[in-house]
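Peer 1: Sequence:
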Amino acid sequence: MDSVVNRRKPVIPVIRASDRSQNIQQVSAQSLELTKVIRLLEDPLTANLKERHLFVLKKLLKRSHVGFLLKELTGIAKILNICAEKVKDHPEYVSILNEALKICRLPFLKEKASDEATYAQDVIEFLSHMGCLMRVSDAAVRQQIVESVKSFYSSVAPKQQPDGTDRNTDPKPRTFHSCRFSRLSLRLQSTSPGYRLQLLELSDLAQTLLLSMATLQNQPAIKLQLLQTLQILSGSSDMNCALILNAHGAETICLHMNEPDPSGQVLFCSSEILWNLLERGRKDEVTAQLSSMECVVSLKEAFFHLLMNGFQHADLQLRNDLLVITTLIAENPNSLLIESLFAKQLMGLVTFPELKTQNPLVRNLKLSYSNEDLKMKKLLLNLLVLMSKDFSALQLYKEEQVMLALLLLVKPLAASSERRSGLRHWSSVQQEELQLQALATLATIAPLMLDNYMSCQGNACLLLLLDWCIGQDAFFGQGHGFHGAGGRGSKKAQMRHCIRVLRSVTSSGEESINQDLCDQGTINQLLGVLMQMEASPDEEDDITLEIKSDIQLILSALCEADMHRKELFGSEGVEMTLHFLRKGSDRFYSGLGHNKLLLSTVDCVWSCVVGCYTTEDFFLVREGVSLLLDLLTWSPRCVHGIVLATLLELCDNANTPSHILSWRDDGGQTAPRLLLQLWRREEEELGVGRNQHGEITDPQKPILSHHQQENTQPPLPANRASAAVLEISENLRSKIYSIFCKLGFQELPGLSTKDYVTLSIVRRYLDFKVGEVWDEISRELSVDGVRPVSPDQESLSTICKMAEDTAKKVTAEQSSFLERQEKENVSEEQLMYTEVLRERQT
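Take the sequence shown: its position 764, counted from the start at 1, is 764 in the numbering used here, and no numbers get skipped.
Fair warning: there could be bad hints in the mix.
[What the hints assert, rightly or not] Here are the simulated lysine to aspartate or glutamate pairs, EDC-like style, with alpha carbons at most 20 Å apart: (1) LYS283 with ASP321; (2) LYS58 with GLU85; (3) LYS801 with GLU813; (4) LYS375 with GLU272; (5) LYS71 with ASP122; (6) LYS769 with GLU727; (7) LYS78 with ASP89; (8) LYS754 with GLU684; (9) LYS701 with GLU804; (10) LYS58 with GLU99; (11) LYS808 with ASP792; (12) LYS344 with GLU294; (13) LYS742 with GLU649; (14) LYS389 with GLU331; (15) LYS701 with GLU780; (16) LYS88 with ASP43.
By construction, these hints were calculated from the structure, which means they are not laboratory data.
In this text the structure is predicted, and so the values were computed from the model without any measurement.
The task is simple: from the sequences and hints, build the whole structure.
Peer 2: In structure tokens form, the structure reads like this:
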């Protein structure tokens with residue numbers, strides 16, 4: 001800066017080449033230069049010396065043409081800020097800002113390896129100041145800012161790690177050999193390319209750039225470049241996305257994406273930024289920002305603009321991207337899709353082209369029936385599912401005849417020769433995908449719109465489709481799409497989803513639906529489908545097993561509460577349940593779904609067989625009880641509850657106990673002994689106090705589980721069952737006790753002494769449970785501070801004492817069983833000993 005020295009102004013540092021002593025203090029000298037430049041710009045005496053300012057600043061930038069030093073960034077930021085303020089009155093400073101911002105594209109320079117950590121905060125503040133320069137209205141300055149930020153990312157090579165370090169080699173020190181730096185003997189190095197990116201995430205740069213969008217209405221080219229920069233920022237860092245969202249970035253981008261755009265790229269960039277925010281930011285925060293009325297209206301305008309005016313492939317893709325964003329907004333319960341009329345207009349697209357409409361938005365719409373149009377149609381069907389949680393959306397579906405359009409989509413696919421000629425339409429592959437998507441949609445919304453479903457003859461439509469699924473016509477499914485899995489070369493995918501819809505509507509419990517199905521012969525039709533599938537030579541897979549299980553659940557829902565339908569289920573249905581009970585043990589643990597099929601079979605027995613004497617008797621004659629008991633012997637504990645409940649219901653038939661008592665397993669074990677084994681396992685699982693022989697250890701708590709003993713929760717409200725009562729339905733003991741009440745407790749075959757010890761507890765289970773409930777009442781009164789009147793207190797004490805006495809009697813009875821067994825063992829030993837002695841004497 002010799003020229004500055006020649007001017008001999010005191011505010012400018014004097015550095016003479018001949019002053020060799022200055023080389024020793026080179027660092028402090030450079031800092032002093034920067035400080036005095038700032039003083040020159042700010043000092044009231046020199047603040048208006050514009051030409052001198054420009055001269056000094058150009059010299060300063062020339063000195064830094066290879067990059068700014070880390071330690072000087074604080075001063076550089078202040079100088080740039082001062083220049084930005086002066087630009088308002090003196091446009092000449094624009095060139096200084098532009099030149100400085102060009103230098104910002106270069107890596108910062110460090111003198112020591114530790115400088116990166118030492119000056120990290122200075123870098124963060126410098127980057128934040130860079131963003132603040134967007135307040136300068138000059139287009140060139142703004143362009144330099146966004147290009148500088150983009151250059152941060154272009155300087156990072158793909159081979160480098162996210163932290164900026166090279167994978168293979170360490171960066172070599174960058175050495176400068178200009179005359180000035182040679183004189184100062186400085187050896188400077190560039191910071192790693194990723195250094196700025198790491199610190200950029202900690203600065204306010206992303207937020208500031210976003211907020212500056214409001215100032216760019218008259219600079220569309222700069223606005224586009226800014227959006228491209230934000231696209232890079234949001235696509236490269238989760239932290240940048242979080243910063244943008246904190247500044248309501250999703251809302252801001254959405255509100256500005258429909259502004260006039262000569263390039264036609266603003267909408268695309270805006271969509272990409274929103275996608276980045278959804279993928280890398282907090283999805284719920286993004287959808288919350290986009291759920292405002294203004295944003296929904298903006299999305300609606302953008303979508304319908306592309307729908308009516310977009311013909312290029314990229315336009316169709318962008319249209320679908322906006323529709324995906326709309327579906328994500330629909331997941332937010334506070335979205336205003338319906339209030340903004342966006343949903344109503346989309347419903348016109350849902351029913352197009354299946355239904356003719358007078359809606360001006362779609363009346364003149366011409367689909368190209370491309371894959372992008374197919375994706376749009378599938379996205380619209382998916383939107384129906386997401387919006388169905390809102391009651392007002394269901395009303396909208398009724399008004400726009402959505403149910404009718406869906407049922408038209410699920411009609412059996414026409415053969416190629418039957419398809420309309422001369423008109424453009426969906427291809428057979430596309431139509432199959434739409435059919436499956438419509439079926440999946442119906443499975444969700446049909447149970448919510450049963451009246452509309454019935455008025456459109458939904459049952460008849462699905463039963464016709466089911467007939468087509470089992471027909472022998474030449475149709476080969478392509479198996480494309482998510483819903484077409486497993487259906488390639490067959491109609492299995494259609495059958496799977498058709499059965500799912502039937503299951504969803506029957507499980508709603510609406511009697512008119514079920515009656516309509518039965519009137520159309522659904523019970524016999526489903527039984528025929530089930531056995532036809534079972535007779536098929538094709539190997540079972542998870543989809544086939546799911547279909548069979550769902551059919552059984554439909555039959556259960558239809559027959560559960562109606563005697564006439566159980567009669568229609570008849571012997572054919574009983575044979576079906578027996579068939580699956582027999583084969584249930586073979587592949588229960590296959591992982592394909594045989595376990596679910598077996599459970600649905602048992603449920604089918606309960607709902608379709610039990611309660612009707614004709615089906616019950618046929619089930620008993622065909623050894624159905626034996627199959628249920630066989631199931632108890634090998635099935636896991638989770639299955640025991642439903643099997644025992646079914647056996648208990650069957651015990652209302654007078655012929656059932658004899659079938660139970662006559663049953664033997666492969667090892668000769670009887671049903672009573674099996675039930676007592678299950679009782680012992682259940683008590684072991686519950687942690688009930690028993691000794692090694694199965695005797696009661698605490699007469700005051702004869703059947704209390706470990707969980708109940710440790711449960712010290714406060715008293716429950718009067719309308720809620722207590723722990724002692726809930727325990728009855730949560731484990732198997734009450735069911736086993738009830739079955740023994742049907743079988744009786746005397747003259748049971750095949751019991752050992754240990755079984756009799758357990759049986760003595762089973763017989764008194766109800767007495768123990770009553771005593772447990774009264775004891776619970778007494779404890780709750782004590783906790784609430786309620787003292788019963790004397791007669792009530794005496795009654796409570798008497799009841800608790802009776803329960804304890806009963807437990808003591810049972811304990812004595814158990815001891816007598818064990819003593820008798822011990823005597824028998826001793827007697828047998830003596831007899832054997834006597835025989836051994838006799839043999840030796842002979």
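Peer 1: State for each hint whether it applies.
Peer 2: Cross-check of the supplied hints:
1. LYS283 with ASP321: holds, 16 Å
2. LYS58 with GLU85: holds, 18 Å
3. LYS801 with GLU813: Between LYS801 and GLU813 the Cα gap is close to 18 Å, so the pair holds against 20 Å.
4. LYS375 with GLU272: Within the cut-off at roughly 18 Å; holds.
5. LYS71 with ASP122: Satisfied, since the Cα-Cα distance of roughly 8 Å is no more than 20 Å.
6. LYS769 with GLU727: holds, 10 Å
7. LYS78 with ASP89: holds, 18 Å
8. LYS754 with GLU684: Measuring from Cα to Cα gives roughly 15 Å; hence the hint holds.
9. LYS701 with GLU804: At roughly 8 Å apart (the allowed maximum being 20 Å), GLU804 and LYS701 satisfy the hint.
10. LYS58 with GLU99: Given pair LYS58, GLU99 holds - Cα atoms ~9 Å apart, limit 20 Å.
11. LYS808 with ASP792: violated, 24 Å
12. LYS344 with GLU294: Distance ~17 Å between LYS344 and GLU294 Cα, so the pair holds.
13. LYS742 with GLU649: Given that 20 Å is the threshold and the Cα spacing comes to 10 Å, the pair holds.
14. LYS389 with GLU331: holds, 9 Å
15. LYS701 with GLU780: OK: LYS701 and GLU780 at ~17 Å, within 20 Å.
16. LYS88 with ASP43: holds, 19 Å
Hint check: a violation occurs at hint 11 only; the rest are consistent with the structure.
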